[in-house]
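Could you put together the complete structure from these sequences and hints?
As you go down the protein sequences, you meet chains G and D in turn. For the first sequence, this note's numbering begins at 4 and goes up steadily by one. For the second sequence, this note's numbering begins at -10 and goes up steadily by one.
By construction, these hints were calculated from the structure, which means they are not laboratory data. There may be inaccurate statements among the hints.
[What the hints assert, rightly or not] Computed list of lysine-lysine pairs in PhoX-like fashion (alpha-carbon distance at most 20 Å, straight line): (1) Lys66/G to Lys38/G; (2) Lys237/G to Lys150/G; (3) Lys5/D to Lys162/G; (4) Lys40/D to Lys(-7)/D; (5) Lys326/G to Lys282/G; (6) Lys142/G to Lys194/G; (7) Lys38/D to Lys18/D; (8) Lys(-2)/D to Lys38/D; (9) Lys17/D to Lys331/G; (10) Lys17/D to Lys282/G; (11) Lys132/G to Lys142/G; (12) Lys38/D to Lys67/D; (13) Lys331/G to Lys18/D; (14) Lys282/G to Lys255/G; (15) Lys326/G to Lys18/D.
The structure displayed is predicted, hence computed values, not measured ones.
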Amino acid sequence: MDKKVKCIVWDLDNTIWDGILLEDSAVTLKKDIDKVIKTLDERGILQSIASKNEYEIAMSKLKEFGLDEYFIYPQINWNSKADSVKTIADSINIGIDTVAFVDDQITEREEVAFAHMDVLVIDANDYFKILEIDNMKPKSITEDSKKRRLMYLNDIARKQEEERFTGSSEEFLATLNMKLKISRVKEEDLKRVEELTVRTNQLNSTGYTYSFEELNHLIHSEQHIFLVAELNDKFGEYGKIGIVLLERDSEKYTIKLLLMSCRVMTKGIGTAMLIHIIKLAQASNKQLFAEFLHTDRNRVMYITYKFMGFEDFESENNSVLLKYESEKEREYPGYLEVILDQDNI
Amino acid sequence: MDEKEKIKKFLEQRSKNVNINDDDDLFKKGFVDSLFALQLVLFLENEFKIKISNKDIKEDNFRTINNIIETINRLLKK
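And the structure:
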């Protein structure tokens, strides 16, 4: 496994604390494990739990230790841990190959490793080394990474409200008061932009990655329009969740890169960003192309383009050049307020 | 259940919208976000045992329920 870890799934008994909670209610935390958990949290690595325990009892113990809020989608039940790990990855909507699993029992570690080859499995005895593992060191730590857990908690609140909501999905989206701000990438955004290019696999049109220096060059380049999108709603901020890199010459605009965070997959953000670019191209009378590189993960992005009026223009192996072939006037989704920075065009 | 009912049921469940007419523009209705689009394509492929090629993935083939039915029937004949 060479991918950066996005979520660590912890066991509880003899992993986070010494002892077995159901046998001894006075279990004690492993030395300095709270520091490990808090440091991982600051690095923007999400954390969850897969423990065979009684949910209420285990959660109140975590609360007593002041650690309950650090775990999202905790799986405290009697299910197999392989299932719990899968449930957590699915709930967060991340690939299983970005999950790590920590447990003191070799049988549990082997079961998870057997079911999910790509999960990084860690012996709980090595917990103090976790912070030093390369996969646990994000390339950069940004404002967005520090707030990541809170943003996921907001997502959970949104999902709960959506489940209670009785109208259509579109009506629900309208209740969120979503505001999408699109602006030029500035120097202070670069770390987050770099982070998005590294973290995003599904909603990524080409998977091109750029070094910090290259990105810095692109924001000053006359031949490029480099935009970042930021979303918030009544529940709070999603942070900077999408970028698009446009290359321009005298006849055409070419989208080199379009990507957005998986957290906004159901919010029509890709559509809104594409509409913005289509409007830009139409306003300056340029043909619009988009480079696309098929991977085993990004079919969703291809479909997004195709459903927006792009068609295959040339293709070679996995690489496609799409061309926008529609004359249609397109409008932003009605449930979304799009705010454009003045210096946009 | 015939094709139309199956598709309608999928769309209604997914969008929680109960009033979709056969000629409604699904894109205009605004519920075709990225995930919806992917789920729609996967649903049609699985339900009707067809492979929707890159060439056939385009908005005019999926704009309305009637368009979708035409697309499926064309692919089924292949």
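- Hint by hint, work out which the structure violates, then give me just those numbers in ascending order. 7, 15
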